[in-house]
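Hints given; two lone chains; assemble the complex.
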Amino acid sequence: MKLTAQHLTKTIGEKKVLSQVEFSWQTGEIVGLVGRNGAGKTTLMRTLVDQYHADHGQVAIDDQDLTAVPEARQQLIYIDPTEVFFARLTLAKLGRLYALGYPTFDQARYRSLLADNDLVLAQRYGELSKGYQALVVMALNLASAVPLILLDEPFDGLDLFIREMIVKAVIDEVADGQRGFLIASHDLAELDGLADRVLFLKRGTISKTVTLEAVRDEAAKLQLVFPAMQIPAAVRQYGQILNVQGRVITALFSPYTAAVEAALTAEQPVLIEKLPLSLSDLFRSEYAEEVHHD
Amino acid sequence: MIDAKKIVRTRHHELLVLLILAAGLTLAIFGLNYRQTFHGYASRPTESQYLDSQRENVRQLRKEGDRQAARDAAHESYASFVKSNYQLYFHYGNDPMPTDHNGLTVNIYFILAAYAVGVLVAAMDGLGGFDRFLAGLGIARRKLYWAKMRVFLPLIGGLSLAVPGLMLILFYLTFPARLINLTATGMLAILVYNFALTVTAFIFGHTLGQLIGRPLVLAVGATLLIPLLANGLEHATVLWSALTHWLNIGGSFLRPGEAYWWLLAGCLVVSGGAAWLGARLYRSVSMERRRTLLTAPHLRWPLVIGVTLLLTLNFGTVGAHGLQPWPTLVWPLLGLAVGLAWQFWPAVTAVTRRLQRVD
Numbered sequence: 001m002k003l004t005a006q007h008l009t010k011t012i013g014e015k016k017v018l019s020q021v022e023f024s025w026q027t028g029e030i031v032g033l034v035g036r037n038g039a040g041k042t043t044l045m046r047t048l049v050d051q052y053h054a055d056h057g058q059v060a061i062d063d064q065d066l067t068a069v070p071e072a073r074q075q076l077i078y079i080d081p082t083e084v085f086f087a088r089l090t091l092a093k094l095g096r097l098y099a100l101g102y103p104t105f106d107q108a109r110y111r112s113l114l115a116d117n118d119l120v121l122a123q124r125y126g127e128l129s130k131g132y133q134a135l136v137v138m139a140l141n142l143a144s145a146v147p148l149i150l151l152d153e154p155f156d157g158l159d160l161f162i163r164e165m166i167v168k169a170v171i172d173e174v175a176d177g178q179r180g181f182l183i184a185s186h187d188l189a190e191l192d193g194l195a196d197r198v199l200f201l202k203r204g205t206i207s208k209t210v211t212l213e214a215v216r217d218e219a220a221k222l223q224l225v226f227p228a229m230q231i232p233a234a235v236r237q238y239g240q241i242l243n244v245q246g247r248v249i250t251a252l253f254s255p256y257t258a259a260v261e262a263a264l265t266a267e268q269p270v271l272i273e274k275l276p277l278s279l280s281d282l283f284r285s286e287y288a289e290e291v292h293h294d
Numbered sequence: 001m002i003d004a005k006k007i008v009r010t011r012h013h014e015l016l017v018l019l020i021l022a023a024g025l026t027l028a029i030f031g032l033n034y035r036q037t038f039h040g041y042a043s044r045p046t047e048s049q050y051l052d053s054q055r056e057n058v059r060q061l062r063k064e065g066d067r068q069a070a071r072d073a074a075h076e077s078y079a080s081f082v083k084s085n086y087q088l089y090f091h092y093g094n095d096p097m098p099t100d101h102n103g104l105t106v107n108i109y110f111i112l113a114a115y116a117v118g119v120l121v122a123a124m125d126g127l128g129g130f131d132r133f134l135a136g137l138g139i140a141r142r143k144l145y146w147a148k149m150r151v152f153l154p155l156i157g158g159l160s161l162a163v164p165g166l167m168l169i170l171f172y173l174t175f176p177a178r179l180i181n182l183t184a185t186g187m188l189a190i191l192v193y194n195f196a197l198t199v200t201a202f203i204f205g206h207t208l209g210q211l212i213g214r215p216l217v218l219a220v221g222a223t224l225l226i227p228l229l230a231n232g233l234e235h236a237t238v239l240w241s242a243l244t245h246w247l248n249i250g251g252s253f254l255r256p257g258e259a260y261w262w263l264l265a266g267c268l269v270v271s272g273g274a275a276w277l278g279a280r281l282y283r284s285v286s287m288e289r290r291r292t293l294l295t296a297p298h299l300r301w302p303l304v305i306g307v308t309l310l311l312t313l314n315f316g317t318v319g320a321h322g323l324q325p326w327p328t329l330v331w332p333l334l335g336l337a338v339g340l341a342w343q344f345w346p347a348v349t350a351v352t353r354r355l356q357r358v359d
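Those protein sequences? They're chains A and B, same order as listed. Residue numbers for the first sequence follow UniProt numbering, beginning at 1 and rising by one. Residue numbers for the second sequence follow UniProt numbering, beginning at 1 and rising by one.
No lab work stands behind these hints: they were computed from the structure. Among the hints, erroneous ones may be present.
Unchecked claim - Capping the alpha-carbon separation at 30 angstroms, the derived lysine-lysine pairs in DSS-like fashion look like this:
1. A:K168 <-> A:K15
2. A:K2 <-> A:K168
3. B:K143 <-> B:K5
4. B:K143 <-> A:K93
5. A:K168 <-> A:K16
6. A:K93 <-> B:K63
7. A:K2 <-> B:K143
8. A:K93 <-> B:K83
9. A:K16 <-> A:K2
10. A:K130 <-> A:K93
11. A:K274 <-> A:K208
12. A:K2 <-> A:K274
Claimed, not checked - To spell it out: a stretch of chain B is covered by chain A in this simulated footprint if at least three of its residues, at any positions, have a beta carbon under 8 angstroms from a beta carbon of chain A; those stretches are:
13. 1–7
14. 106–113
Built from N, CA and C at the ideal position, the CB exists for glycine as well.
The following block holds chain B by itself, in its conformation from the complex (with noise of 0.2 angstroms):
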């Protein structure tokens, strides 16, 4: 019995290693912004240095006239002062997750990484060849698909636990515990978006290197979609917020805000899709494709609405009650006019060279 998952494993040693390395770098990161925290920490006034600066800050805004702000400054506890400026976290409202102060919330860069390296897979197996020497070892291509997971998701997703959860550890090892303001369900909330975002960024970064062929397309596609995801994704929750009242405010992939549980179910669905579509496509989509600028032509058009709405939710203009027509309609009519062109540009390529040689 062939175990794929051990050829897998073998064959992307460097990869996993390298999957590794990146949270440990990113632990780096966090690290050195720890240090620097600790330091301010550290090195805060003591309490009689805090009120003899805050008298000194009464009797000068009392010499102001502005006797509001010094009733204000002089009503402020040192425990007060400590909290608001050396707290790990802000609450707002009813908003899931914390946001981050001096604390850690979102790896972004370690969500990157996995997003890298879900794009560097799909592409190194399918134009290195060793999707071919897996498609000759007999094994079923949706085992073989569901194989390369397997191998790459539990680090993927234990790493992206254990990233936060040792820096939420050593916070809570050396900070005293008034400061690290997060109750379980914040912590949770922490870990599960992490979690759910960097296995969305490797399963989507996966399908989209099995989608697009050509290198140098799937390097700067992939690249440009890290700005047009995150800015259209701000955009749709302003949009979604102005339109149903769902959501008092916009998020971001950064601070999802009341759309925490939006984006942790659009995560589902984006993963649960591109898995989806991953498996089909690498069971259906024959080999001499791979170099093909998409290797699986009946998705040109999904492909192009896909871009054409995230273009137009960058670009097109927002108003007060959503976007507005006029600059907006362009982005579609482009994306109809770039699809068009797509299409039918072998055709048109082939009516051209017979008129040449007609002329």
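Isolated chain A (complex conformation) (with noise of 0.2 angstroms):
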């Protein structure tokens, strides 16, 4: 099953906060959606389940225009963590409800999910912590049982133990290629393990689409010291500077070449070290522009 979203915008206000984003996404894959704070993310989320009308664009899914074909909304979840009306629900009436609302829905599995982290049915939701809640909202993702799950900062505020039960069971459900995760979220060390493919957002638009394994196999996140404090022209030139302390020059180069190796070997650095390149450090240089180093 695959969604495809095209030339999604969205204005809100005088702003223009989504203009033609196009990406797609399917089963059996985690991507992940990364930008700064306000870039667009809740927005686009929002927007592929129609809370918020699109300007213009088309959401389709298996080329069902979800506009035409709104039942084909039913294969997506996304359960708004800001926007929860169930707060005063209890657990169990709250997976009656969503049970009316997915067909899919299993009830066992819910109540099996619960009970393994010690949540009573007749708790309310308003009356757990952060952590539970958000287990609890991902018991809800779980059980509908629907093919392409939205999930909106799920590690955020939440302790370690309970921040691995989720990235296990978002592993666990895609395992088997039914199911697919849009993961929104500013915790990139976690969709650095967790996502196969990471869409950048920035000024609306979808920037950069990287698939971690294939960047990593190109390119080169490098530790320079040179001998003068300035940052040499081929740094600028091949590189986006992730970090300056001192001499001390952290870049990424994209794509790292024997030519690129050459050039910054021409400048004569002191030290020049491979460091691991993270998914921190590709946002970074995805915003880098917005930081300025002398």
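Written out as structure tokens, the structure is:
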């Protein structure tokens, strides 16, 4: 099952939040969605599920335009973490409500997921801690048995163990290829180990799509030290500066070819060391133009 | 196949129970009034007590020299006395619906409860995120709107008939038939009127709740609308009777009089219009607008015009030939000023900010 978004545009107030957004995502994939605060990640998710009407563009699932065939939206689920209407509901009633909304909802699985985490059906959602609320949302998503699941900041404010539980649940669900996740998150470290692909949302559009394994094959993150305080021309020309501390420069070179290596060597660095390349580095390089270095 | 009605019913289970309780409470209120009325009837003077009292009254009036009053007092029979003091309804002229004396006509409490619940349902669903949940289910929004209406309207309509219906049954079981001076047509007029006003109140309240996104503005506005609409209607019927002579006299929500059919027609127009607007709003309003002052900005001027008309009806000075021009004109001018200010306020503040930065 494949979701395709084409030319999605959304203006809120006077700000064009989404501009010609295009991407696709299918079951069996975990896709990360990253961007700076206010980039439009949540707006994109809300637009995909038609909480927000797009000004232009189309969202289709398996070539079925969701405007023309709204029933196809049943293949998609998005539980907005900031707009839950069910704070006063018990977990039991919550399950009943979602079972009414999603015919494929598995009540037994929902109850089992709650029981595994010592959650009682008689508890009210609003009385739970943030971490347990996140678990309940995850339980609702998983029990819905819907193929395409949108998660918005699922790791926000959670302790290590609950994060690991959520990560494990996501990986297990995707393993058989029947489910797909689109995860919007500022937690780049979690996404790094989880996502197959990452979409970078910048100025309202998908500026870059990276497959982390492919990027790691062709790019390099280097730590460089030069005799002079100034940043050599070759570094500026071929790399994206990630960090500068005194004479120590950390930069991303994509692609990192023999020619690039030769150019850097010609600048006679005191130190040139390859460092592990992470999603955080790619994020920093994508938005580096907003940070100035001398 | 998703049952949207069932989802709405599950979500609003407590509100539905609240409606039933509200109806029960109004029944209790009318029950207390009934008890008082029945007690008054049960403790009425006997015929001989009445005749003794009448003779004494006639003697006194003759002593005072008021022979006409004495003759009138002597002619009123006991049966006539009981009827005029304990009959349940008054009938005036050609009014389709009688006026209550000791009986029940308009269940204003439940009408107001229905209005409040309409506002509450729309506000809770919009501001609480339930509408966002529904939007993601893949059901056409138009169908979702009508699912909500199909959950609430039958209950509200049914309760609007049940309360006066039960009271009428109680009257027939406990009062002499001659005192329940209500024809079948009159009874039907009461039931239809309550039904129409209650259903209209709910739909109107719900649409208002969809239109206004700020909770405080909605709460204050919805509350103020009640006296403004009630008062505005009275003035409108007085104006109508003065200008057209299609009515001999004005009416009100509680006592429509000859304006009864006009009010029923008005209910049809208002409920139909509000439902149409509500369905359109539900379909077209993008939910990022749900917390804005007006969720549908293109309705700004119609809203300003409507409120201005209402204020003019309420506070414009009514004379013998209609509204007096000069005291009345201030309201449309005020409405125009408010509308323009609202329209151009963002531009004005932007210019002001730019000027402040230059300074």
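A quick look at each hint next to the structure:
no. : hint              : result
1   : A:K168 <-> A:K15  : violated, 38 angstroms
2   : A:K2 <-> A:K168   : holds, 23 angstroms
3   : B:K143 <-> B:K5   : holds, 10 angstroms
4   : B:K143 <-> A:K93  : holds, 23 angstroms
5   : A:K168 <-> A:K16  : violated, 36 angstroms
6   : A:K93 <-> B:K63   : violated, 80 angstroms
7   : A:K2 <-> B:K143   : holds, 27 angstroms
8   : A:K93 <-> B:K83   : violated, 57 angstroms
9   : A:K16 <-> A:K2    : holds, 27 angstroms
10  : A:K130 <-> A:K93  : holds, 19 angstroms
11  : A:K274 <-> A:K208 : holds, 24 angstroms
12  : A:K2 <-> A:K274   : violated, 38 angstroms
13  : 1–7               : holds (count 5)
14  : 106–113           : violated (count 0)
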